[in-house]
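Trainee: Here the protein sequences come in this chain order: A and B.
Numbered per my numbering, the first sequence spans residues 33 to 146.
Numbered per my numbering, the second sequence spans residues 493 to 609.
Treat the hints with care, as some may be off.
[What the hints assert, rightly or not] Think about it this way: if two alpha-carbon atoms lie no more than 30 Å apart in a straight line, the pair counts; the simulated DSBU-like pairs of lysine-lysine are:
id: 1; chain 1: B; residue 1: Lys556; chain 2: A; residue 2: Lys133
id: 2; chain 1: A; residue 1: Lys89; chain 2: A; residue 2: Lys49
id: 3; chain 1: B; residue 1: Lys556; chain 2: A; residue 2: Lys91
id: 4; chain 1: B; residue 1: Lys547; chain 2: A; residue 2: Lys133
id: 5; chain 1: A; residue 1: Lys133; chain 2: B; residue 2: Lys512
id: 6; chain 1: A; residue 1: Lys145; chain 2: B; residue 2: Lys533
id: 7; chain 1: A; residue 1: Lys133; chain 2: A; residue 2: Lys35
id: 8; chain 1: A; residue 1: Lys49; chain 2: B; residue 2: Lys533
id: 9; chain 1: A; residue 1: Lys126; chain 2: B; residue 2: Lys547
id: 10; chain 1: B; residue 1: Lys533; chain 2: A; residue 2: Lys35
id: 11; chain 1: A; residue 1: Lys89; chain 2: B; residue 2: Lys533
id: 12; chain 1: A; residue 1: Lys95; chain 2: B; residue 2: Lys533
[Said to hold, decoys possible] Estimated spans, in silico, between C-beta atoms of each pair:
id: 13; chain 1: A; residue 1: Glu47; chain 2: B; residue 2: Val554; range: 37 to 45 Å
id: 14; chain 1: A; residue 1: Leu102; chain 2: B; residue 2: Ser565; range: 42 to 50 Å
id: 15; chain 1: A; residue 1: Lys35; chain 2: B; residue 2: Thr523; range: 16 to 24 Å
id: 16; chain 1: B; residue 1: Leu609; chain 2: A; residue 2: Gly73; range: 17 to 25 Å
id: 17; chain 1: B; residue 1: Lys547; chain 2: A; residue 2: Ala115; range: 39 to 47 Å
id: 18; chain 1: A; residue 1: Ser61; chain 2: B; residue 2: Thr509; range: 41 to 49 Å
id: 19; chain 1: A; residue 1: Gln104; chain 2: B; residue 2: Gly553; range: 44 to 52 Å
id: 20; chain 1: A; residue 1: Asn39; chain 2: B; residue 2: Met537; range: 18 to 26 Å
[To be verified] Partial chain A-side listing against chain B, Cβ under 10 Å, derived:
id: 21; residue: Asn39
id: 22; residue: Ser40
id: 23; residue: Leu43
id: 24; residue: Pro76
id: 25; residue: Leu94
id: 26; residue: Thr97
id: 27; residue: Ala115
id: 28; residue: Ala118
id: 29; residue: Leu134
id: 30; residue: Phe136
id: 31; residue: Lys145
What the hints contain is simulated information worked out from the structure, not anything from laboratory work.
Glycine included, each C-beta is placed from N, C-alpha and C at the ideal position.
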Amino acid sequence: SQKIEQNSEALNIQEGKTATLTCNYTNYSPAYLQWYRQDPGRGPVFLLLIRENEKEKRKERLKVTFDTTLKQSLFHITASQPADSATYLCALEKHLGNTGKLIFGQGTTLQVKP
Amino acid sequence: GAVVSQHPSWVICKSGTSVKIECRSLDFQATTMFWYRQFPKQSLMLMATSNEGSKATYEQGVEKDKFLINHASLTLSTLTVTSAHPEDSSFYICSARDLRGQTGELFFGEGSRLTVL
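The shape of chain A in the complex, shown without the other chains (with noise of 0.2 Å):
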């Protein structure tokens, strides 16, 4: 069956450093995979979206790769700010197509310490 899988364990990390999150997927042919935040209590908020033929997408600080032949997405945020604390979600369509049913990943949760 399709599985989403992300670091179940918290990241922390000092205030500056590079945050480094990530997002393996089995049984999967993704058209695209998406990155969503969710601080707690809260719904989740887009953040990126990168499509297969993209190896590498960037908005401000954050970063994702995306490897196809690995079944892998990378997030990154550089220069982390207390503020980037939060529970990141990956997530990919359940069925091929662009149906808007996306299945997520657990979700990793990033501390960002001053």
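Once you've looked at the hints, dock chain B against the given chain A.
Mentor: Using the frame of chain A, we list chain B on its own:
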């Protein structure tokens, strides 16, 4: 970005009662909305797809008679948890896609926390 609003943000009810949660797209029309459920420290689980003007489609294992979905207009979908029990206590989140942007991301509501006593 597009805005999706949910109401209520939290609700406490007695076991056996029904609870309605509303999801509205405030600045765009959404022919399709999605309902997710999230238990503490777990990921979002897709429950159903709400289709404007037609029946909702439910994911495997989700009871359609338990979770009634109505998509009455292009900006409103409602989820009714019928005969709620403590195990239905969860964080319910709706989402919609703004097709004008064609970027594929979903816009989520703020979520509704249901506690069944």
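Trainee: Confirm or reject each hint.
Mentor: Now the hints, each set against the structure:
no.	hint	verdict
1	B:Lys556 to A:Lys133	holds, 17 Å
2	A:Lys89 to A:Lys49	holds, 19 Å
3	B:Lys556 to A:Lys91	violated, 40 Å
4	B:Lys547 to A:Lys133	holds, 16 Å
5	A:Lys133 to B:Lys512	holds, 22 Å
6	A:Lys145 to B:Lys533	holds, 21 Å
7	A:Lys133 to A:Lys35	holds, 14 Å
8	A:Lys49 to B:Lys533	holds, 26 Å
9	A:Lys126 to B:Lys547	holds, 20 Å
10	B:Lys533 to A:Lys35	holds, 18 Å
11	A:Lys89 to B:Lys533	holds, 28 Å
12	A:Lys95 to B:Lys533	holds, 25 Å
13	A:Glu47 to B:Val554: 37 to 45 Å	holds, 42 Å
14	A:Leu102 to B:Ser565: 42 to 50 Å	holds, 44 Å
15	A:Lys35 to B:Thr523: 16 to 24 Å	violated, 30 Å
16	B:Leu609 to A:Gly73: 17 to 25 Å	holds, 20 Å
17	B:Lys547 to A:Ala115: 39 to 47 Å	holds, 43 Å
18	A:Ser61 to B:Thr509: 41 to 49 Å	holds, 44 Å
19	A:Gln104 to B:Gly553: 44 to 52 Å	violated, 28 Å
20	A:Asn39 to B:Met537: 18 to 26 Å	holds, 19 Å
21	Asn39	violated, 13 Å
22	Ser40	holds, 9 Å
23	Leu43	violated, 15 Å
24	Pro76	holds, 5 Å
25	Leu94	violated, 14 Å
26	Thr97	violated, 18 Å
27	Ala115	violated, 19 Å
28	Ala118	violated, 14 Å
29	Leu134	holds, 6 Å
30	Phe136	holds, 5 Å
31	Lys145	violated, 21 Å
Against the hints set out earlier in the document, violations occur for numbers 3, 15, 19, 21, 23, 25, 26, 27, 28 and 31.
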